[in-house]
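Engineer: Below are the chains, spelled out letter by letter.
Number of protein chains: 2
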Amino acid sequence: MTGRVTIVGLGPGDPRWLTPAASAALADATDIIGYSPYVDRVPERPGQHRHGSDNRVELDRSRHALELAAGGARVAVVSGGDPGVFAMAAALFEALENGDPDWRKLDIHVEPGITAMLAAAARVGAPLGGDFCAMSLSDNLKPWEVVEKRLRSAIEADFAVALYNPISSARPWQLGAALKIVSGIRSADTPIILARAVGRTDERITILPLGDVDASMADMSTMVIIGASTTRLIDRPEDQTPYVYTPRFYGVRQ
Amino acid sequence: MTGRVTIVGLGPGDPRWLTPAASAALADATDIIGYSPYVDRVPERPGQHRHGSDNRVELDRSRHALELAAGGARVAVVSGGDPGVFAMAAALFEALENGDPDWRKLDIHVEPGITAMLAAAARVGAPLGGDFCAMSLSDNLKPWEVVEKRLRSAIEADFAVALYNPISSARPWQLGAALKIVSGIRSADTPIILARAVGRTDERITILPLGDVDASMADMSTMVIIGASTTRLIDRPEDQTPYVYTPRFYGVRQ
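Protein chains in written order, with this note's numbering: chain A, 7 to 260; chain B, 7 to 260.
No lab work stands behind these hints: they were computed from the structure.
Heads up, some of the hints might be wrong.
Remember, identical chains collapse to one label, so a pair may be satisfied in a single copy or spanning two.
[Stated by the list, open to error] 20 Å max Cα-Cα, derived SDA-like pairs, lysine to any residue: (1) K186 - P248; (2) K155 - V188; (3) K111 - I191; (4) K186 - T8; (5) K148 - P253; (6) K111 - E162; (7) K111 - R158.
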C-alpha cells in the first residue's frame with residue numbers, strides 16, 4: 007500500500023501557531039478530512055478533495071480516512087490543537103485497531119500542534135509551570151465516577167489541572183459538579199483561568215478566584231485551568247490584568 | 007517603559023516545529039537570551055545581541071532579560087519545547103514578582119511551543135489520548151516526598167503520566183524510585199515510552215513493557231511516558247514498531 011494518513015494538529019485557531027511541518031502535511035495531502043470548522047481553516051488547493059463532517063463522528067471519519075489511504079490517497083485528518091490531546095489521533099488508532107488488518111500496512115503519522123491548555127496558559131503567564139494534569143470532563147466515553155476520582159486525586163495531590171470539554175448543552179451539570187469537588191479541597195482564592203476561543207477573534211480570558219467562579223461562565227469553547235495551591239497572581243499597575251504563574255519551587259525555596 | 011520580553015518556545019528541536027509566531031518574535035528581538043544550546047538554534051541576524059548562558063541559572067537569566075527590557079530592548083528569552091512547561095516562563099515570572107516593581111510595567115508575553123511530551127506521543131501514536139499528567143522528576147525545587155505523592159496519586163487514579171527531567175548525573179536514583187512506585191500499582195505489561203531527543207538527529211524511541219524498563223535506559227534528554235491501564239499496542243506487519251495509543255473510552259465502549 008502506498009497511501010498515507012497524517013493526523014495534523016492545527017493548533018488553537020491563530021494560523022501563526024500552525025507549525026511549518028503541519029502546513030507541509032496539509033499542502034501535500036490529496037484529501038483533507040475532519041470536522042467542518044477545522045477543514046474550513048485549511049487553505050484550498052486545486053485538485054485537493056475536502057471532506058468536512060459533523061462533530062461526534064470521529065470513528066466514521068477515521069475509517070473513511072483509512073479507506074481512502076488504502077486506495078492510495080495521501081490523507082490529512084485535521085484536528086484542533088494537538089491531535090493527541092482529546093482530539094482525532096486516539097479515534098484514528100481505535101479505527102485502525104478494529105478495522106481491516108491490511109490498514110496496518112499503511113504509513114500513519116501524527117503531526118503535533120499547540121494544544122489549547124498551552125495557548126491558554128501562555129496568555130496569562132505560566133499557570134502550568136509546575137506539575138499538572140489534563141482531563142476531559144466529558145462523560146460520553148468514560149463513567150462520571152472515573153472523572154470524579156481522577157479530579158479528586160489530582161487536586162488532593164496539588165497538581166494544577168487543565169479541564170478540556172468542560173461543558174456543552176448535552177453535558178450541562180458536569181462542570182458545576184467538578185468545581186464543587188475542587189472547592190471542597192482548594193481554598194476559595196485559588197486562581198482559576200477561563201480561556202475562551204484562544205487565538206480566535208472572539209477570544210476572551212477571565213481570571214477569577216475559585217470562590218467567584220460559576221459553571222455558567224464557561225461554554226464548549228472554554229479551557230478551564232485550575233491553579234495549584236502555590237499558583238499566584240502578580241499584580242500590575244494601572245488596572246492591567248495580573249499575570250498568573252505557578253512557581254517552580256514547592257515547599258522549599260532555593 | 008517601551009521594552010518588551012517575549013518568552014519563546016522553540017519546540018523540541020526540529021525547526022519545522024517552530025511556529026511562525028515564535029519565528030516572528032525571534033526576528034523582531036534586539037536581544038536573544040537563553041541556555042546556550044537553545045540560543046544556538048536561533049538563526050543569526052545582523053545587529054541582534056546574543057546572550058547564551060549555562061544551565062541552571064534561570065533566575066539570573068530572567069533578571070538579565072528584565073533589566074535589558076527596562077532599558078528599552080526587545081528581548082526574546084528562548085526555551086526548549088513550550089516555555090510554560092518545566093521551562094523558562096515560571097522562572098521569568100518569579101524574577102518579575104521578586105524584582106524591581108517598575109518591571110511590572112513592561113510588556114511580557116509568552117509564545118507557546120510544542121512541548122516534548124506532545125512530540126514524543128506523536129511519534130508513537132496517541133499514548134496521551136486519555137487523561138494524563140505531566141510531572142518533573144527533579145527534586146531540586148520540590149521535596150522528593152511531593153514527587154512521590156503526586157506520582158502515586160496519578161498512577162492510582164489511572165492517568166497516563168509524562169515524566170520530564172527523569173534523570174541526570176546529579177539525580178541518578180529518582181527515576182528508579184519512580185519506576186518502583188509505578189510497578190507496585192500498574193501491571194508489568196503497561197507500555198512505557200522512552201523518547202530520547204525527539205526531533206533531533208540523535209532521536210531514539212523505545213517502547214517496552216514496564217517490567218522490562220530500567221532507569222539506565224533514560225538520560226537527561228529522555229521523555230518517559232507511562233501508559234494508563236488502558237494504553238494498548240497495535241501490532242504491525244513485518245517487524246515494524248507497533249503503534250501505542252490510549253483509547254478515548256474507559257470502562258464503557260460506545
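Engineer: If a hint holds in the structure, say so; if it does not, say that too.
Structural biologist: Evaluation of the provided hints:
no.: 1; hint: K186 - P248; result: neither (25 Å within a copy, 41 Å between copies)
no.: 2; hint: K155 - V188; result: both (12 Å within a copy, 18 Å between copies)
no.: 3; hint: K111 - I191; result: neither (49 Å within a copy, 35 Å between copies)
no.: 4; hint: K186 - T8; result: neither (52 Å within a copy, 43 Å between copies)
no.: 5; hint: K148 - P253; result: between (33 Å within a copy, 10 Å between copies)
no.: 6; hint: K111 - E162; result: neither (44 Å within a copy, 36 Å between copies)
no.: 7; hint: K111 - R158; result: neither (42 Å within a copy, 38 Å between copies)
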